[in-house]
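Put together the whole structure using the sequences plus the hints.
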Amino acid sequence: MGYQGNFRVWRGDEDGGGLEDFTVEVNEGEVVLDVIHRLQATQAGDLAVRWNCKAGKCGSCSAEINGRPRLLCMTRMSTFTEGETITITPMRTFPIIRDLVTDVSFNYTKAREIPSFKPPKDLAPGEYRMQQIDVERSQEFRKCIECFLCQDTCHVIRDHEENKEAFAGPRFLMRVAELEMHPLDEGGRTVAAQETHGLGLCNITKCCSEVCPEHIKITDNALIPMKERVADRKYDPVVWLGNKIFRRQS
Amino acid sequence: MRAQISERTLRTDRWWLSPLLTVAGLGLISVYAAIRTFMNDYYWVSEYHYLTPMYSPCLSAECVPAASHFGQPLPELPGFLTPPIFIIPFLLGFRITCYYYRKAYYRAAWMSPPACAVAEPHKTYTGETKAPLIAQNLHRYFFYAASLLLLVNIYDAITAFVGEKGFGIGLGNIILLVNVGLLAAYTASCHSCRHIMGGKLKHFSKHPVRYWMWQKISKLNAKHMQLAWASLIFVCLTDLYIALVASGVIGDLRIVN
Amino acid sequence: MAELERHSFDVLVIGAGGAGLRAAIEAREHGMRTAVLCKSLFGKAHTVMAEGGIAAAMGNVNSNDNWQVHFRDTMRGGKFLNNWRMAELHAKEAPDRVWELETYGALFDRTADGRVSQRNFGGHEYPRLAHVGDRTGLELIRSLQQKIVSLQQEDHAETGDYEAKLKVFQEFTVSDLLIEDGRVAGAFGYWRESGRFVLFTAPSVILATGGIGKSFKVTSNSWEYTGDGHALALRAGASLINMEFIQFHPTGMVWPPSVKGILVTESVRGDGGVLRNSEGKRFMFDYIPEVFKEKYADSEAEGDRWYTDADNNRRPPELLPRDEVARAINSEVKAGRGTEHGGVFLDVSTRLPAEEITRRLPSMHHQFKELADVDITAQPMEVGPTCHYVMGGVEVDPDTGASSVPGLFAAGEVSGGMHGSNRLGGNSLSDLLVFGRRAGAGASDYAAALSVRPVPSEASIAEAERVALAPFSGDGGENPYTLHMELQQTMNDLVGIIRKAEEIERALERLEGLKVRARTLTVEGHRQFNPGWHLALDLRNMLVVSECVAKAALLRTESRGGHTRDDYPAMDSDWRRKLLVCTASGPSEVDVVEKPQIPIREDLLDLFDRGELEKYLTGDELGS
Chain A
1 MGYQGNFRVW RGDEDGGGLE DFTVEVNEGE VVLDVIHRLQ ATQAGDLAVR WNCKAGKCGS
61 CSAEINGRPR LLCMTRMSTF TEGETITITP MRTFPIIRDL VTDVSFNYTK AREIPSFKPP
121 KDLAPGEYRM QQIDVERSQE FRKCIECFLC QDTCHVIRDH EENKEAFAGP RFLMRVAELE
181 MHPLDEGGRT VAAQETHGLG LCNITKCCSE VCPEHIKITD NALIPMKERV ADRKYDPVVW
241 LGNKIFRRQS
Chain B
1001 MRAQISERTL RTDRWWLSPL LTVAGLGLIS VYAAIRTFMN DYYWVSEYHY LTPMYSPCLS
1061 AECVPAASHF GQPLPELPGF LTPPIFIIPF LLGFRITCYY YRKAYYRAAW MSPPACAVAE
1121 PHKTYTGETK APLIAQNLHR YFFYAASLLL LVNIYDAITA FVGEKGFGIG LGNIILLVNV
1181 GLLAAYTASC HSCRHIMGGK LKHFSKHPVR YWMWQKISKL NAKHMQLAWA SLIFVCLTDL
1241 YIALVASGVI GDLRIVN
Chain C
2001 MAELERHSFD VLVIGAGGAG LRAAIEAREH GMRTAVLCKS LFGKAHTVMA EGGIAAAMGN
2061 VNSNDNWQVH FRDTMRGGKF LNNWRMAELH AKEAPDRVWE LETYGALFDR TADGRVSQRN
2121 FGGHEYPRLA HVGDRTGLEL IRSLQQKIVS LQQEDHAETG DYEAKLKVFQ EFTVSDLLIE
2181 DGRVAGAFGY WRESGRFVLF TAPSVILATG GIGKSFKVTS NSWEYTGDGH ALALRAGASL
2241 INMEFIQFHP TGMVWPPSVK GILVTESVRG DGGVLRNSEG KRFMFDYIPE VFKEKYADSE
2301 AEGDRWYTDA DNNRRPPELL PRDEVARAIN SEVKAGRGTE HGGVFLDVST RLPAEEITRR
2361 LPSMHHQFKE LADVDITAQP MEVGPTCHYV MGGVEVDPDT GASSVPGLFA AGEVSGGMHG
2421 SNRLGGNSLS DLLVFGRRAG AGASDYAAAL SVRPVPSEAS IAEAERVALA PFSGDGGENP
2481 YTLHMELQQT MNDLVGIIRK AEEIERALER LEGLKVRART LTVEGHRQFN PGWHLALDLR
2541 NMLVVSECVA KAALLRTESR GGHTRDDYPA MDSDWRRKLL VCTASGPSEV DVVEKPQIPI
2601 REDLLDLFDR GELEKYLTGD ELGS
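Quick note, the sequences are listed as chains A, B and C, same order.
Take 1 as the starting number for the first sequence in my numbering and just add one per residue.
Take 1001 as the starting number for the second sequence in my numbering and just add one per residue.
Take 2001 as the starting number for the third sequence in my numbering and just add one per residue.
Simulated from the structure, these hints should not be mistaken for laboratory data.
Nothing here was measured: the structure is a model prediction, and the numbers come from that model.
Heads up, the beta-carbon is just placed ideally off N, CA and C, and yes, glycines get one too.
To give a feel for the contact side, a few chain B residues facing chain A, derived at Cβ under 8 Å:
{"hint": "1", "residue": "M1001"}
{"hint": "2", "residue": "A1003"}
{"hint": "3", "residue": "T1012"}
{"hint": "4", "residue": "K1103"}
{"hint": "5", "residue": "P1113"}
{"hint": "6", "residue": "A1119"}
{"hint": "7", "residue": "T1129"}
{"hint": "8", "residue": "H1191"}
{"hint": "9", "residue": "S1192"}
{"hint": "10", "residue": "H1195"}
{"hint": "11", "residue": "N1221"}
Taking lysine-lysine and the DSSO-like style, the derived pairs with C-alpha atoms no more than 27 Å apart in a straight line are:
{"hint": "12", "chain 1": "C", "residue 1": "K2260", "chain 2": "A", "residue 2": "K143"}
{"hint": "13", "chain 1": "A", "residue 1": "K244", "chain 2": "B", "residue 2": "K1130"}
{"hint": "14", "chain 1": "B", "residue 1": "K1223", "chain 2": "B", "residue 2": "K1202"}
{"hint": "15", "chain 1": "C", "residue 1": "K2369", "chain 2": "B", "residue 2": "K1223"}
{"hint": "16", "chain 1": "A", "residue 1": "K164", "chain 2": "B", "residue 2": "K1103"}
{"hint": "17", "chain 1": "C", "residue 1": "K2369", "chain 2": "C", "residue 2": "K2281"}
{"hint": "18", "chain 1": "B", "residue 1": "K1202", "chain 2": "A", "residue 2": "K121"}
{"hint": "19", "chain 1": "A", "residue 1": "K110", "chain 2": "A", "residue 2": "K217"}
{"hint": "20", "chain 1": "C", "residue 1": "K2260", "chain 2": "C", "residue 2": "K2369"}
{"hint": "21", "chain 1": "A", "residue 1": "K164", "chain 2": "B", "residue 2": "K1130"}
{"hint": "22", "chain 1": "B", "residue 1": "K1216", "chain 2": "A", "residue 2": "K143"}
{"hint": "23", "chain 1": "A", "residue 1": "K217", "chain 2": "C", "residue 2": "K2369"}
{"hint": "24", "chain 1": "A", "residue 1": "K121", "chain 2": "B", "residue 2": "K1200"}
{"hint": "25", "chain 1": "B", "residue 1": "K1130", "chain 2": "A", "residue 2": "K234"}
{"hint": "26", "chain 1": "B", "residue 1": "K1216", "chain 2": "A", "residue 2": "K217"}
{"hint": "27", "chain 1": "A", "residue 1": "K121", "chain 2": "C", "residue 2": "K2092"}
{"hint": "28", "chain 1": "C", "residue 1": "K2369", "chain 2": "C", "residue 2": "K2217"}
{"hint": "29", "chain 1": "A", "residue 1": "K217", "chain 2": "B", "residue 2": "K1223"}
{"hint": "30", "chain 1": "B", "residue 1": "K1206", "chain 2": "B", "residue 2": "K1216"}
{"hint": "31", "chain 1": "B", "residue 1": "K1200", "chain 2": "A", "residue 2": "K143"}
Shown next, in the form of structure tokens:
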């Protein structure tokens, strides 16, 4: 039933580190996180790994398995062959703290930069009326468990540290889309999406959608619709001409 | 400070296969399209009134007169230029600014990124914020233009049922029909179309008809990539078939008359 | 000794789940400088695991619902042991708390007329649970998180500093509260990342640390649930009540082994899922207890009709309160009618079309597909009881969440009383919001009224530091992982879902042994992110809390709600009038004593039929 599996785990901190080889027992029905825990309990007591619910609901155990951003708790060992060496590394896009744990504060910073939900002022609690079909689009985005794998995989910041300042990343551009599509939000977020949150940096190569453990269609349902809304406001020649002539603020 | 990992990627799967196929496929089709464009011949089968979509509408004075369904308002073209140059900017523009093709060539041709979690080779990256790529935002205008051309193609496909000998149905008719079917599906599944038809609305509940359309288009939109390839390849096959029939290499397989 | 990081706040909130965040919002809105201290990242707390919904009598789906009905259901579910004042406040205020979430941006599923939709759940007479598919907990935590961000944005606009009034310290563990002259003076803890110690000075501390499930082997709870708040309160001098009542959720996953215990939401049953044993029988019809006979269907046909016509039919017994269902499953498995992996079948595939299942239960579908390779639209699930929730907790004043220690407050799962002997599904999320808000207000008022704030003494700081570092200096060689596994096994086997005196006594003996061995715990390495060290410190909490559970379980010689005694299978009205109170009697010793329950207020009693009250109350309480 069980077998000895080969693993290479990145160990180290900001001063350096590298891949270390381990041989660990693997049992039926296990996920990669189980193996990491066994490693912790038997061979590397101080191996740092972040985790919490172990059911794919909290988005804590994000890392990269064989180079692909994934949740450790949702990657079943049965997806690998017994002879395969499985490489586990921390998320590349964020600063390393130790071993598999990275500093994800970038995401919390970006979350703060997005203006919050702005309901109509005259609506008291309990008076909100919204139709199911109107909330469904935003509900899809609210499935997000904030594992930040989309942020990790997005080449805009993964390969270009310098873009972090200007780019909110797929997760938070999706948050803008969520609010924009919220039936009661009056925030008016289209222009800011482009000018403040860096939507224009996205080249819709869809890696965010590929890695999303919640299978949210980030690109098709959030980012592209936002790009289209931006086009409505900023790149529509009629609107553009009107603004030029009447010197309106777009 | 990030974890120091020197490998460009630790992916162990064949991540390079998909960009390779994309670049090969797009390259092959580009070469074929260029050859056919500059060939300036075999685009019209006069016996059965088949007009290849690559030359439709044929608007300049050098066109075979019968192939010019909408007259010849344009003068003869100088040098090596051929009639398709009037339509190619719109067709190409529609495909180049298409959200699917953007993904495909940014990845495959520009390697930005070549595949997910594989480092790209470029030092800097500004995405679609600057010229010329900022022009990708004009996709919807190409969508409008492509929709008009699609109407022309549909017209062509329908009129092709009446040839020199009157009404008839051949394999060419069926190919032309399938072709406009695929083009229509690709065009309708476009993200801009999805936005214009309903996606831009804040409250679907107040616009039931547009919501209904948005739902249908969303279903098609999920297959945008497949439709993009299918329609592109089929346009070439349609053109090839018409070229072969027009040049007399093969005869049209007739079903009725 | 390295320089100690020091902070000063008006209100400290320990825990960043639903109760903690709601408390923090309230404290900040009261103008308090507030800190939230949490063991995980901000937004990852165990609340995200809540699936079914938030119980609130808004009456959106069935207009017969109101707070009185909700109050009655809650008291019935808790077998009348509940703190009635808490149950009353909870039933009255829950709707406001749900509506408030909408103003934070929450998007619940809707009714046809655009209001918050409500679903059926075990023990609730009407459809009452506001929900978003089966990920309501995530919606709740995200909404609160986003409200906190929005408050921080306001502070930023005003002061230029996002964290001027409300700051989150994430991946931080509080190891001890600092008490001066019997009052709260602050808290001491460490950054999990670096192991560096931090001192917080604050007059008010709100415990919102959740439960104790990690003391049990099969549990739906995450690693955070080590009873920290319960233990901090004990050591600070506060008392815990109702610790014998532990809710075993009837439906946890049983296979594969690595996910054993993970929750399968009650909504599966609320939406039509049925329980069958290995013989294919819907066995729940054999387990309807006398007190519930009138409320539940006695035939499959009637139970099935209820889903479409709730007014004219009684609900199916799959929707009995959780304790009843858990015991029934336990009995079936013991009688040899269980599944291959020791559970029973929960089947929704034959009851609803596949699209409906994926729409209503998306995360269950996902969870089984990904973790067990089971397609719930086509196959039944295998489920069994899992340790889910502790009804017991810090004894608090219902209106303010204040414990008996001045300055110490508690809200949510860590507080006790609200749910009596058994919590109804959906009442947890509403509990977090109602009492989180109240504790936030209570702690703020207390801090504001204080003229002189207690200052932590250097001696108590040094002692907290010594205790925290003890595992490094130990040379007994005890491995924290081994000790933890033994504790979990002990609690699971001997103080689990069905209890007997001799087994509990054996558990207490083992706990004594574990306590002795815990003194010689040894961890290797250094303080920087050291899971072994963290576990060693958590064990201190788990052991003391487990002792409370076991001692109280031994004393209560009846069966009621989340406490089932094989040797005393009946419910005893005399016991309803008594609470068991656990207090610290030494550094790692606890005492459990009886205390009379406060009689239920007359007008609340009048909400029930006399016939029903006779099942629970003694003759002289009824004034006969």
